[in-house]
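Here is what each chain is made of, one letter per residue.
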Amino acid sequence: MPSPRTLYDKIIDRHRVMPLNDIEGPGEQLLLYVDRTVLNEYTSPQAFSGLREAGRTVWRPEGALGVVDHVNSTAPDRTAIAPDADAQRQIDYFARNGRDFGIEMYDVLHPRQGVEHVVLPELGWVVPGLVIAAGDSHTTTYGAFGSVGFGIGTSDIEHLLATQTLPYTRLKSMRVTIDGTVAPGVTAKDMIMAVIRAIGAAGAHGHALELAGDAVRALGIEGRMTICNMAVECGARVALIEPDEAVIDYLSGRPKAPKGELLEQARRVWADLRSDDGARFDREVHIDAADIAPMVTWGTSPDQALPIDGAIPDPAALPAAERQDAERAIAYMGLTPGMALEAVTIDRAFIGSCTNARLTDLRAAAEILKGRKVAPGVRAMISPGSSTVRREAEAEGLDAIFTAAGFEWRQSGCSLCLAMNDDVLAPGERCASSTNRNFEGRQGSGGRTHLMSPAMVAAAAVSGHLADVRRMPLP
Amino acid sequence: MTSKGFSRLTATAAVMPAANVDTDVIMPKQFLKGIDRAGLARGLFHDLRFDSEGQPDPAFLLNRPGFEDCRILVVGPNFGCGSSREHAVWGMLQYGIRAIVGTSFAGIFADNAANNGLLLISLDEEAHARLAAHLAARHTALTIDLEAETIMVDDLVLPFAIDPRRRRAIMLGLDRIGGTLAHADAIRAFQTDYLAAAPWLA
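Heads up: the sequence lines are chains Y and R, in that order. All residue numbers for the first sequence refer to the working numbering, where the first residue is 1 and numbers rise by one. All residue numbers for the second sequence refer to the working numbering, where the first residue is 1001 and numbers rise by one.
In case anyone wonders, no lab produced these hints; they're calculated from the structure. Each hint should be verified, as a subset may be incorrect.
Partial chain R-side listing against chain Y, Cβ under 8 angstroms, derived [to be verified]:
hint	residue
1	Asp1036
2	Arg1037
3	Asp1111
4	Ala1161
5	Arg1165
6	Arg1166
7	Leu1172
8	Ile1177
9	His1183
10	Ala1198
Here are the simulated DSBU-like pairs of lysine-lysine, each with C-alpha atoms no more than 35 angstroms apart in a straight line [stated by the list, open to error]:
hint	chain 1	residue 1	chain 2	residue 2
11	R	Lys1033	Y	Lys256
12	Y	Lys256	Y	Lys172
13	R	Lys1029	Y	Lys172
Source: prediction; values computed, not measured. From the three backbone atoms N, C-alpha and C, an ideal C-beta is built for every residue, glycine too.
Starting from the given sequences, assemble the full structure and let the hints guide the process.
In structure tokens:
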């Protein structure tokens, strides 16, 4: 009888073209077959230049899809013209690469344009058991479908396009189990923020992270995507959730998903996509779902987070190793130790990004915003995760709720998550944000970011300060 | 990117001992909006190398007399941390840096260096300190012998260890993609079997 294996090892084993060293287990080097990739206009250009210089072709053009998302405008009335000349050049070159190498590309005005990690799943192109590598660190998102997704640099994009493979080193394995049931008002975002806080910003470094437990299984696919997306913020190169019937239901009717007899064949294979009983993980962590509260970050690293009813920590009371970082973060964020988180006033509110801008995220925000108004002096905007999400939200009337509340209803793109286009915080501006990174300057030089769930962003927007969504009665 | 391989490198080395030098410092953001790898030699340490008028700052080490042919950097801990931008490594190679000797390198920077033939050598702190002190005192050229896995400067000989696959790639100047494409038949055969077993992916 074969020894029990983790879900991660099963997927890697199925994609091993050949070994490249004679180590077994973590540290094994192998040539890894990659099923699919998604390209964006900002990390791929030099990969294509490299192919041109070497006179190489793309091994399997149908294994790649391109989406413009990082540098484009999100203005409600946007055109094909980019915000600046450099962005225009990247977008134009991207389109040319699609034409010359036979890769399907979604340009700015394509009806399915959106943030890459929102677009791929809604096409039904991400199915269980795949290896997907792409030039963006949040490629971990695809773990929500039971697929190995990981971010790569530009040279590896070029290697992948030319060979459909990557030289790969097998990771160690780690499992975080969240048992029990979360309280009302607690979302997938709060769950992953609690995990990052518990294990630290490098807590899963060198590991493939499997997320398990009742609270994870109870999530819909969009919540699972939020969790796997942000797992990279605790250092995980890969995040995985065992695929189940919810994945099959999600795929149903999507344009690129398998159908009919092919789907039945696939399902028989997918049934084995689980960590075997007795599979050994290099590290195990258990978290009780009942202990998780709505979370916000107070600092400049995603692990500098607390439940919303907490207070800005006193660096002097922190362990010596964290003290200097905390002091620097509190100074950058313009906060005072001991200050209640709910007393922190905001200038901006943003709902968007590959972490939290899908339809269920927008519905959760709309529930809070219905019949309420954004506080005076706060500029609030929503950039739906994709043009498809935007249409679906409009069909449900969510846009009317957002605009009545005073939110700008914008087009789709990475937008204010990393401020590569013209959506930027001014120096000193403070933003409640549904995004994934609160690094110094991430949303604009001198900008201050507090990460939280979309409903918590809505609660902060109408309150004018960080606010506890559990104390916002629904109408 | 393909670089010419080497097994032995003798060149001027510059000691830059600061800790946590990030890729923003190595290659500032104004050099990231290109669509090819060109023009990045100018960007290397740009905001340190050049003053606000764009003139070389004579105080910066690489601008000083005797460092015109610098090909090796001896750096502080956690070099290359921060952003994943491969532009940092491309800029090093375009400027002429072929090897960096330190105590630890950030993971993505190390992968990007390996993918471009930029040699990174990690020494233990004691050996690194001896090397840095020796170079600071004498400003002589340093020799890296990849075959023997040693660094030599005058009478000082320091052994180092390196992943065998990375060493071979540096020595032969391997084109990684070319190396993988040497297995094209194996990849094709794998793909045929794989897609036959998973026709929903074909």
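Verification of the supplied hints:
About 4 angstroms separates the beta-carbon of Asp1036/R from the nearest beta-carbon of chain Y, less than 8 angstroms, and the hint is met. Interface hint status for Arg1037/R: upheld, as the beta-carbon distance to the closest one in chain Y is roughly 5 angstroms, under 8 angstroms. Nearest Cβ of chain Y to the Cβ of Asp1111/R: about 6 angstroms, under the 8 angstroms cut. The hint holds. Taking 8 angstroms as the C-beta contact cut-off toward chain Y, the hint placing Ala1161/R at the interface is violated, the least distance being around 15 angstroms.
The interface hint given for Arg1165/R holds, since its Cβ lies 7 angstroms from the closest Cβ of chain Y, which is under the 8 angstroms cut-off. At about 11 angstroms, the closest approach between the beta carbon of Arg1166/R and any beta carbon in chain Y exceeds 8 angstroms, and the interface hint on this residue is violated. Because the closest C-beta pair between Leu1172/R and chain Y is about 15 angstroms apart, greater than 8 angstroms, the hint is violated. Interface restraint check for Ile1177/R: the shortest CB-CB distance to chain Y comes to about 5 angstroms, inside 8 angstroms, so the restraint holds.
Because the closest C-beta pair between His1183/R and chain Y is about 7 angstroms apart, less than 8 angstroms, the hint holds. Proximity of Ala1198/R to chain Y holds as hinted, the smallest CB-CB distance being about 7 angstroms (cut-off 8 angstroms). Using a Cα cut-off of 35 angstroms, the hinted pair Lys1033/R and Lys256/Y holds, with the two alpha carbons roughly 33 angstroms apart. Pair hint Lys256/Y plus Lys172/Y holds up; C-alpha atoms about 32 angstroms apart against a cutoff of 35 angstroms.
Using a Cα cut-off of 35 angstroms, the hinted pair Lys1029/R and Lys172/Y holds, with the two alpha carbons roughly 34 angstroms apart.
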